[in-house]
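S.K.: Protein sequences appear in the order of chains A and B. Count along the first sequence from 1, add 22, and you get the number used in my numbering. Count along the second sequence from 1, add 501, and you get the number used in my numbering.
Read the hints as simulated data drawn from the structure, not as lab findings. Worth double-checking, as some hints may not be accurate.
To be verified - Which bits of chain A does chain B cover? Going by a derived footprint, with three or more residues having C-beta under 8 Å, they are:
1. 133 to 144
2. 219 to 230
3. 315 to 327
Claimed, not checked - Straight-line Cα separation of at most 27 Å, DSSO-like style, residue types lysine-lysine; simulated pairs:
4. B:507 - A:137
5. B:563 - B:507
6. B:919 - A:98
As the list claims (entries may be wrong) - Partner residues are not named here, just some residues of chain A that face chain B (Cβ under 8 Å, in silico):
7. 83
8. 201
9. 215
10. 301
11. 312
12. 339
13. 345
Note that the structure is predicted; figures quoted are calculated from it, not measured. We put the beta carbon where it would ideally sit given N, CA and C, even for glycine.
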Amino acid sequence: MAVWYSLLLVLGMSLFVYLGAGLLGLQAIFGIVIPYAAILVFLIGFTMRVLGWAKSPVPFRIPTTAGQQKSLDWIKPSKIDSPYTTWGVVGRMAMEVLLFRSLFRNTKAEITEGKLAYGSNKWLWLGGILFHYTFLTIVIRHLRFFTEPVPYFVQVLDNIDGMLQIGSPVIYQTDVILVAALLFLLIRRLVSPQLRYLSLPADYFPLFLILGIALSGIMMRYFAIFKVDLMSVKVLAMGLATFNPTVPEGIGVMFYIHLFFFSMLLAYFPFSKLMHLGGVFLSPTRNLPNDSRMVRHVNPWNAPVKVHTYEHYEDDFREKMIEADLPVEKQA
Amino acid sequence: MSQAPKPEELLRVSHIPPKKDWMDPRVDLIPGTWGYPGKASSLETLGLPNPREWNPTDEDWKLPPNWKEIIHEGLKERLEKYRSLKVFLDICVRCGACADKCHFFIGSGDPKNMPVLRAELLRSIYRKDFTAVGRMLGTFAGGRELTEDVIKEWFYYFHQCTECRRCSLYCPYGIDTAEITIVVRELLNLIGVNIDWILGAAANCYRTGNHLGLEPHTFKGNIDFLVDDIEEYVGVRLNPTFNRKGAEVLFIAPSGDVFADPGIFTYMGYLMLFEHIGLDYTISTYASEGGNFGLFTSQETMKRLNSKMYAEAKRLGVKWILGGECGHMWRVLHQYMDTMNGPADFLEVPKSPLTGTVFDNAKSTKMIHIVEFMADLIHHGKLKLNPKRNDYLRTTWHDSCNVSRGMGMFEEPRYVLKSVCNNFFEMPENTIREQTFCCGGGTGLNAGEFEYLRMMGGMPRAFAVKHVQEKHGVNLLVNVCALDRAILPPLMDYWAPEVAVSGLTELVANALVMEGEHDRPTDLRGEDIPGLEGDE
Chain A
23 MAVWYSLLLV
33 LGMSLFVYLG
43 AGLLGLQAIF
53 GIVIPYAAIL
63 VFLIGFTMRV
73 LGWAKSPVPF
83 RIPTTAGQQK
93 SLDWIKPSKI
103 DSPYTTWGVV
113 GRMAMEVLLF
123 RSLFRNTKAE
133 ITEGKLAYGS
143 NKWLWLGGIL
153 FHYTFLTIVI
163 RHLRFFTEPV
173 PYFVQVLDNI
183 DGMLQIGSPV
193 IYQTDVILVA
203 ALLFLLIRRL
213 VSPQLRYLSL
223 PADYFPLFLI
233 LGIALSGIMM
243 RYFAIFKVDL
253 MSVKVLAMGL
263 ATFNPTVPEG
273 IGVMFYIHLF
283 FFSMLLAYFP
293 FSKLMHLGGV
303 FLSPTRNLPN
313 DSRMVRHVNP
323 WNAPVKVHTY
333 EHYEDDFREK
343 MIEADLPVEK
353 QA
Chain B
502 MSQAPKPEEL
512 LRVSHIPPKK
522 DWMDPRVDLI
532 PGTWGYPGKA
542 SSLETLGLPN
552 PREWNPTDED
562 WKLPPNWKEI
572 IHEGLKERLE
582 KYRSLKVFLD
592 ICVRCGACAD
602 KCHFFIGSGD
612 PKNMPVLRAE
622 LLRSIYRKDF
632 TAVGRMLGTF
642 AGGRELTEDV
652 IKEWFYYFHQ
662 CTECRRCSLY
672 CPYGIDTAEI
682 TIVVRELLNL
692 IGVNIDWILG
702 AAANCYRTGN
712 HLGLEPHTFK
722 GNIDFLVDDI
732 EEYVGVRLNP
742 TFNRKGAEVL
752 FIAPSGDVFA
762 DPGIFTYMGY
772 LMLFEHIGLD
782 YTISTYASEG
792 GNFGLFTSQE
802 TMKRLNSKMY
812 AEAKRLGVKW
822 ILGGECGHMW
832 RVLHQYMDTM
842 NGPADFLEVP
852 KSPLTGTVFD
862 NAKSTKMIHI
872 VEFMADLIHH
882 GKLKLNPKRN
892 DYLRTTWHDS
902 CNVSRGMGMF
912 EEPRYVLKSV
922 CNNFFEMPEN
932 TIREQTFCCG
942 GGTGLNAGEF
952 EYLRMMGGMP
962 RAFAVKHVQE
972 KHGVNLLVNV
982 CALDRAILPP
992 LMDYWAPEVA
1002 VSGLTELVAN
1012 ALVMEGEHDR
1022 PTDLRGEDIP
1032 GLEGDE
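Starting from the given sequences, assemble the full structure and let the hints guide the process.
M.R.: Rendered as structure tokens:
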């Protein structure tokens, strides 16, 4: 059910744009108002969310240690997986954020013929990392619409991405990989009984939405009937970027669908699991050093508690202690 | 083993989820997988709310009339107190990488034992009550109504998590189910929903200083028995001191080692080691528990129980504290103690009186692990060892969860074990070190009535042992945790018969050449050592 709801929602959204920007001619709404609103929601929402997390303190230093602690001089500590210096933590976080270190450990447990076996299982890591990096590359490539002159690194990236020189216009490898990775992430959710069982609409919706962004973009670029006038698109994009928005005539409706999907992604972002982008940096099991016995960690809400003091304890057991030759503070 | 079916039956576990939607909170309380409720007297000792007689199988759990409000306010307070909770509730993408990392899911196949879904049991309530989207869209946004059935579901599934943190290792964002479980157990304690094996132990620790409830004279008496055993098997009479002011070191071990087989052999090992090196130490009857049952109750209870260590060290005027072999104990000592009850500025940085090694890794807490201490002694040649005395043993090493993923102690125990035993074989790499599997009974799930659950949850650990048993003839599973020493023996009987369980210091002591010892044809358990007759 969750998957159908999500798919219908995304299809409904494209119909909505088709009606609004295509038939009713509300290009100014879809080309200017909605994108600006979406960016605002994204920026404010994202910031609020991160500030909300930051407002709650980290009472205890609780890294998940994944390597040898720093103890005796002659035992080699694991500087990254069990970091004990700031640089170690930076290294661990970089590995986590840039290389998905933890996901790379993934294994698959299976019981076969009375034995429990663990196979290496890097598919999720591969699908995940390909999705994230191709998406990032594509977003950066889009800077060519928002800049004049187009920065050198964007041009270089563009050239590399089209390196294979297949087709006309040249096919970007990232377009192909992004769609493949998204389909992999979607299909694995549907095929694995456990994943299908736990998946929510909130898991399918972003996949369909990003797939919608990718496919609408691909259709505009590679299929003649959806072609849009790139010069006009650039005028609109530059207008948005310079806060001097205009809506040129003659941009095809496919562009507005593409733009609307992306706007929706931005607006949806702060309220969804996509916030893992910000949250991963604040995860206390990853971003703290394993040095709790070396350096005291302070808990801001640490308050006195009622304890059973030694004096109280001795009062409870004094006679028995004396009888057992245990030293006491006060004789009976 | 009445509650658990035969191993062959358990092996036919299915991991395919049921038809019933997970959002339906109703649970079947399968016998052998849930614990008896906390006794009213234990709650009263600790001053915890809603002491009463009740039974999980009853329809009415006798919750306070405003229980919903208490839970809501309790969750709100904890969201403001713990960034971990807030972030972990918000950012899970349900990728499922954690699912088959949980020993309880592997063993039971129950989808709510997938860490991701276990967290959703709380997350769904959080969404409904604390997020705008969840409030508006309800079920569609993954929100659930908080009902009594949810409380019952929490009671069941958050006592099927041992806070071992294996899932957190694989999570791309480090989401730690232990943090979720800790908070839910705190919430449940606010309305008097808890289990006796934890609450009884915590109350005992509070009153007598140890979870067995041994009063001071009995505690000392138990150790005197161990001293007698050492005299019989080794031929040396030891005189440990108790509550002695002015000792250099305060020694604190899990109290299970004072009382239960095979932990007592480890305790005999501690005593022999200290005698061997002439350590100036004392044992406290007040701070007589290393383990901390507060960790399974609430952070406040944890702090109350832990406070005894520093208080006693201060009263006795020792220089530093040495801790015995234990798992959760070391999670608390390593990651919580200094924050909760420090700074320990009245103590000195631990320094080995024999090797002069200064333990800078504990320069703030002033407390070191006995395995760190022993590794240093052996490295400097301060122990007279005859490893041949352990030649009849073919050992493997079980990394206990908490010293692995909550401390990072991997090499020290291996170094010590290899120094005292010539036959050592590692279990498969996906089951050791930071990837180690729980024994199946941590965080207070060691009660008799949890037996079925432990056989399921301990399955991954046991299978790895069985693997080296078949491949290398391993007959001893060595570990550094008191709960392991209690939980692993029946687990081995069930899945890998003929594999015994021991602590590390027991093996060290068995190999120790004590001054003035007589012929030692037996080990510390009083059993003949094969091949040693006439060897010494």
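S.K.: Work down the list of hints and note, for each, if the structure agrees.
M.R.: Status of the hints after comparison with the structure:
no.	hint	verdict
1	133 to 144	holds (count 5)
2	219 to 230	holds (count 7)
3	315 to 327	holds (count 10)
4	B:507 - A:137	16 Å, holds
5	B:563 - B:507	36 Å, violated
6	B:919 - A:98	17 Å, holds
7	83	6 Å, holds
8	201	19 Å, violated
9	215	5 Å, holds
10	301	3 Å, holds
11	312	6 Å, holds
12	339	5 Å, holds
13	345	6 Å, holds
Comparing the model with each numbered hint stated earlier shows that hints 5, 8 do not hold.
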